[in-house]
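Asker: Sequence:
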Amino acid sequence: MKANCDFIYRILMIFRSGAIVYSRDIMEQYLNQLNQNPHMYTKLNPETYVSYEKLAEFYLLHILSALKDWNAAQEYLNFNNLIPPARKRVRRVFR
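Counted the way our numbering counts, the sequence shown spans residues 43 to 137.
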């Protein structure tokens with residue numbers, strides 16, 4: 043969990059510094075790595091799964107919305123295997 047906290051802290055600092063495109067690139071790389079092996083990530087550690095949802099929420103609601111990249115947000119939700127369909131519907135409402 044420590045590594046995940048370090049990542050969250052770094053991404054927040056990058057985002058707050060105004061480097062929104064750079065924070066998007068880092069988040070996409072990180073989230074794509076997790077999507078490559080979803081069973082290991084979600085089945086072994088439910089607490090880590092909650093962290094994943096929070097990161098995905100930050101990515102969608104803060105980074106992509108700051109860039110006004112609605113197509114990327116929609117695409118992320120469409121192809122994401124880790125976020126349950128009910129949660130995806132809730133996030134689409136806030137678009």
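Please keep in mind that the hints were generated in silico from the structure rather than gathered at the bench.
There may be inaccurate statements among the hints.
To be verified - Cross-link-like lysine to aspartate or glutamate pairs, in silico, EDC-like; alpha carbons within 16 Å at most:
no.	residue 1	residue 2
1	LYS96	GLU70
2	LYS130	GLU95
3	LYS110	GLU95
4	LYS130	GLU99
5	LYS130	GLU117
6	LYS110	ASP48
7	LYS130	ASP67
Asker: All hints, please: hold or fail.
Answerer: Comparing the hints with the structure gives:
1. LYS96 x GLU70: holds, 14 Å
2. LYS130 x GLU95: holds, 11 Å
3. LYS110 x GLU95: violated, 21 Å
4. LYS130 x GLU99: holds, 10 Å
5. LYS130 x GLU117: holds, 11 Å
6. LYS110 x ASP48: violated, 27 Å
7. LYS130 x ASP67: violated, 22 Å
Going through the hint list in order, the structure does not satisfy hints 3, 6 and 7.
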